[in-house]
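Peer 1: Use the sequences and the hints to build the structure in full.
Residue numbers (our numbering), protein chains in the order written: chain R, 1124 to 1222; chain E, 179 to 335; chain W, 298 to 429.
Hint data in this document are derived by calculation from the structure and do not stem from the laboratory.
Quantities reported herein were computed from a predicted structural model and do not represent experimental measurements.
Glycine included, C-beta positions come from ideal geometry on N, C-alpha and C.
One or more of the hints may lead you astray.
Stated by the list, open to error - With the Cβ distance kept under 8 angstroms, some of the chain W side facing chain R (calculated, not the full set):
#1 G306
#2 G312
#3 V323
#4 G356
#5 L358
#6 V362
#7 S364
#8 V366
#9 L372
#10 L382
#11 A386
#12 W394
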Amino acid sequence: MILFEGPWTFLSVATLVTMVAVAVSILVASLRVMRGPSLPDRVVALDLVGLLAVSVISVVAIATQQPVLLDAAIALALIAFLSTVAFARFIEWQGENAE
Amino acid sequence: MSLLGLHLGMAVLWAMATGSLTFPSLLMGIFVGGGVLHLLGPVLGDPRYGIRFYRAIALAFFFLWELFASGIRVAIDVLRPTLSFTPAVVAVPLELRNEAAIVLLANMVSLTPGTLSIDLSEDRSCLYVHTMYGEDPEAARQAIKHDFEERIQEVFR
Amino acid sequence: MNWVELIAGVLLLAGAAFVLVSAIGVVRFPDVYMRMHAATKAGTLGAGLMLGAASIVFGELGITVRSFVVFFFLLLTAPVAAHVLGRAAYYAGVPRWERTKLDELAGRYDEADGTPGELGRPVQRGDDIPYP
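Peer 2: This is the structure:
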């Protein structure tokens, strides 16, 4: 982490605080993934975890001074969207075949 | 929509002519191009292009502001000790006929305070919206129609 | 300290606050639709603010454009994902919070043709909605 090797500045403190906050958010969101109660609830929480991963990537890009990481954010956002849509299709299919 | 391509071309040309292909100069080129096309619109066959362009910019800024407001609103609701809202699913009749306009409306509704689009009727005449503040369903309906549908209609007309 | 660092730091902290709020909302709100409210709005805004911070810190055209593309992509996909998921949840009959006041979508799905793969949509608008 290049940003944390020099003297402490406002930006490095803010980056650190943000990392902690996003990590806590991921933990809190996974609580909803575990608790459910229904499949859509879990998928909403998983979608949020995907969004949080995109935010983590942009924060890490700042902390390590590696803008290349933003390309990974594009790919990750795409995959999170696709997986949510796939889950939604599955839920509809399941609802139709329930009876 | 070929005017849109011309517009982008003008913006790039402006940035190259000023000798710096950077974000601010591109932005400047877009605005200058908008002004030029506003004046040239009647000749090129779309007299309302300039007006629609500036309405679209205004809509984008309005939308960003609403996104910010909705984040604040969610924060207030989450941090309030008791959950005191009355959710409702409201049917909003649509006057928009353009498919792209309806998609834009549904997306904007989902990202602005208290509303989330859930479904669209088969004949595309009615958007079903889940709202968190449904004490007065009529007011929620009118807010969507007034705040977003009218503005989008002005851009697409 | 320079202005770029100050603005980027403030954006980062604001984004962190919104992201945290959306995660708490997903746990705290009572039904799946309200959870989607929290996840879609506050989550997109928080991620967008952090991407804005990244574009300010690096301050190059390519990186600014890239983070704008990610933000634009999020603005495009988050509501679509919420829409698709909300419809699926409604169609699958996930219960709404008991204080939900009004449901104008109730009973509008075509029960007759429940063929697999065919997506359920609300049938034509009935006469009970007082609008043209």
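Peer 1: None of the hints should be skipped; say for each whether it holds.
Peer 2: Here is what the structure says about each hint:
no.: 1; hint: G306; verdict: holds (3 angstroms)
no.: 2; hint: G312; verdict: holds (7 angstroms)
no.: 3; hint: V323; verdict: holds (5 angstroms)
no.: 4; hint: G356; verdict: violated (10 angstroms)
no.: 5; hint: L358; verdict: violated (12 angstroms)
no.: 6; hint: V362; verdict: violated (10 angstroms)
no.: 7; hint: S364; verdict: holds (6 angstroms)
no.: 8; hint: V366; verdict: holds (7 angstroms)
no.: 9; hint: L372; verdict: violated (11 angstroms)
no.: 10; hint: L382; verdict: holds (5 angstroms)
no.: 11; hint: A386; verdict: holds (4 angstroms)
no.: 12; hint: W394; verdict: violated (12 angstroms)
Going through the hint list in order, the structure does not satisfy hints 4, 5, 6, 9, 12.
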